[in-house]
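Just so you know, the sequences run in chain order A and B.
Just so we're aligned: the first sequence equals residues 1 to 173 in the working numbering.
Just so we're aligned: the second sequence equals residues 1 to 173 in the working numbering.
Please note: incorrect hints may appear among the correct ones.
Unchecked claim - Restricting the straight-line Cα-Cα distance to at most 25 Å, the calculated cross-link-like pairs of lysine to any residue (SDA-like) are: (1) K10/B <-> T25/A; (2) K10/B <-> G151/A; (3) K70/B <-> R26/A; (4) K70/B <-> G131/B; (5) K10/A <-> Y57/B; (6) K70/A <-> Q127/B; (7) K70/A <-> L44/A; (8) K10/A <-> L44/A; (9) K70/B <-> T25/A; (10) K10/A <-> R3/B; (11) K70/B <-> G151/A; (12) K70/B <-> G24/B; (13) K70/B <-> R98/A; (14) K70/B <-> R56/A; (15) K28/B <-> D18/B; (16) K70/B <-> Y55/B; (17) K28/A <-> I63/B; (18) K70/A <-> L6/B; (19) K70/B <-> Q127/B; (20) K10/B <-> L29/B; (21) K70/A <-> G131/B; (22) K70/A <-> R98/A; (23) K28/B <-> R26/A; (24) K28/B <-> E132/A; (25) K10/A <-> G24/B; (26) K10/A <-> P35/A; (27) K28/A <-> H7/B; (28) K10/A <-> V97/A.
Source of the hints: derived by calculation from the structure; they are not laboratory data.
Every value quoted in this text rests on a predicted model; they were computed, and no experiment measured them.
2 protein chains.
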Amino acid sequence: MTRRVLHEGKVGTFALVDAELPGGTRVKLEILEHPGAAAVVPFLTDDRILLLRQYRYAAGGTIWEIPAGKLDPGEDPETCALRELEEETGYRAGRIVRTGEILTTPGFTNERIYLYAAYDLVPGRLQHGRGEVIEIHEVPLEEALAMVESGEIVDAKSIVALHHVTRATPGAR
Amino acid sequence: MTRRVLHEGKVGTFALVDAELPGGTRVKLEILEHPGAAAVVPFLTDDRILLLRQYRYAAGGTIWEIPAGKLDPGEDPETCALRELEEETGYRAGRIVRTGEILTTPGFTNERIYLYAAYDLVPGRLQHGRGEVIEIHEVPLEEALAMVESGEIVDAKSIVALHHVTRATPGAR
């Protein structure tokens, strides 16, 4: 395996890899090496959550998402989820539950997003980064699920995380 | 807006964009410009589907996925879904239904995957590309859904597409 760095970026490292596949075929693959991320469904009450309206240049406009962000170097995914929740919504969570994880698009990146649900929210410190254009909305969980079904929510991590919380044990809410 | 190409690749174009956000802030963003893709849940019967075990270098091994692939230039997503289904599983579909779409990871790519369910399968021509290491498995739909709940399936497009087919109208199955 040889690996040539094409670009060291803020998102991760974009590399051209000469890889040997099972069976021995050698292929050149472009890979975005990503540190991983965490995303969280914040519960205000048993049946109300927070959703973000976030501007995404790559999406060509503003989309619905749950709070999320990249892991800092060496950061635990749960710590990242709690940090991003507070930075993006201004709420700290008294309790957080891991609900699942996804590979976002394994054909070209190792990005893995760890999914959480957060409860017992108390006011903390809102801290939007430069370049983050975010509105915070309180939404009934049922309405958020309807927005998945209608196609209004298209962000993959948000859809999967919302799906996972609907099967969370009642005791976890 | 200025845009500098960092790498023209097989996956897409990796570019550094100097973008103006709503509100006027200027930021430099790394964007993987992707042509889009299609993915499909193939139904062998009302309650049995096909899943792939596919080697993904970026995932560090073999993962469960549904058939999927990138749009060829100018290709309609439905045509792409039918083509990838036949190439990857050896089945042609008599009927295909659009079930939804996702943005895989809108922080750094515009990749949009159009999701389908395919029915009335008949034998066609299997054609795995160089670099594709794929095993085809017949799986009860209920088992596939259990593999989502257990975390055995982590590929985002596959999870969302399987979620969407569970709410498809009975007439569509």
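Hints and how they fare:
1. Restraint check for K10/B and T25/A: the C-alpha separation of about 18 Å stays at or below 25 Å, so the hint holds.
2. A C-alpha spacing of about 29 Å is found between K10/B and G151/A, which places the hinted pair above 25 Å, so the restraint is violated.
3. With a CA separation close to 21 Å, the supplied pair K70/B and R26/A stays within the 25 Å bound.
4. Of the pairs offered as hints, the one joining K70/B and G131/B holds, with about 15 Å between alpha carbons and a cut-off of 25 Å not exceeded.
5. The suggested pairing of K10/A with Y57/B holds, with an alpha-carbon distance near 22 Å, which does not exceed 25 Å.
6. The straight-line distance between the Cα atoms of K70/A and Q127/B is roughly 37 Å, outside the 25 Å bound, and the hint therefore fails.
7. In summary, the hint linking K70/A to L44/A is supported, as the alpha carbons are separated by about 23 Å, within the 25 Å threshold.
8. At most 25 Å may separate the alpha-carbon atoms for a hinted pair to count; K10/A and L44/A exceed this at roughly 32 Å.
9. As the CA atoms of K70/B and T25/A are separated by approximately 21 Å, the hinted pair is consistent with the 25 Å bound.
10. Restraint check: the Cα-Cα separation between K10/A and R3/B comes to about 16 Å, which is no more than 25 Å; the hinted pair holds.
11. For the suggested pair K70/B and G151/A, the alpha carbons sit about 21 Å apart, so the restraint of at most 25 Å is met.
12. As the CA atoms of K70/B and G24/B are separated by approximately 34 Å, the hinted pair breaks the 25 Å bound.
13. Between the alpha carbons of K70/B and R98/A the distance comes to roughly 32 Å, so the proposed pair goes past 25 Å and is violated.
14. A hinted pair counts as satisfied when its Cα atoms are at most 25 Å apart, and K70/B with R56/A qualifies at roughly 22 Å.
15. Proposed proximity of K28/B and D18/B is supported: the alpha carbons are some 4 Å apart, at most 25 Å.
16. Taken as a hint, the K70/B and Y55/B pair is honoured in the structure, with Cα atoms around 17 Å apart against an allowance of 25 Å.
17. Restraint check for K28/A and I63/B: the C-alpha separation of about 20 Å stays at or below 25 Å, so the hint holds.
18. A distance of roughly 22 Å separates the Cα atoms of K70/A and L6/B; the hinted pair therefore holds under the 25 Å criterion.
19. The straight-line distance between the Cα atoms of K70/B and Q127/B is roughly 15 Å, inside the 25 Å bound, and the hint therefore holds.
20. The hinted pair formed by K10/B and L29/B meets the criterion: a straight-line CA distance of about 20 Å does not exceed 25 Å.
21. Proposed proximity of K70/A and G131/B is contradicted: the alpha carbons are some 30 Å apart, above 25 Å.
22. Taken as a hint, the K70/A and R98/A pair is honoured in the structure, with Cα atoms around 16 Å apart against an allowance of 25 Å.
23. Taking the CA atoms of K28/B and R26/A, the gap is about 35 Å. The hint is violated against a cut of 25 Å.
24. Between K28/B and E132/A the alpha-carbon distance is near 12 Å, which keeps this suggested pair within the 25 Å criterion.
25. Of the pairs offered as hints, the one joining K10/A and G24/B holds, with about 21 Å between alpha carbons and a cut-off of 25 Å not exceeded.
26. For the hint pairing K10/A with P35/A, the CA-to-CA distance comes to about 10 Å; that is within 25 Å, so the pair holds.
27. A C-alpha spacing of about 14 Å is found between K28/A and H7/B, which places the hinted pair at or below 25 Å, so the restraint holds.
28. The hinted pair formed by K10/A and V97/A fails the criterion: a straight-line CA distance of about 28 Å is larger than 25 Å.
Of the numbered hints given earlier, the model fails hints 2, 6, 8, 12, 13, 21, 23, 28; all others are met.
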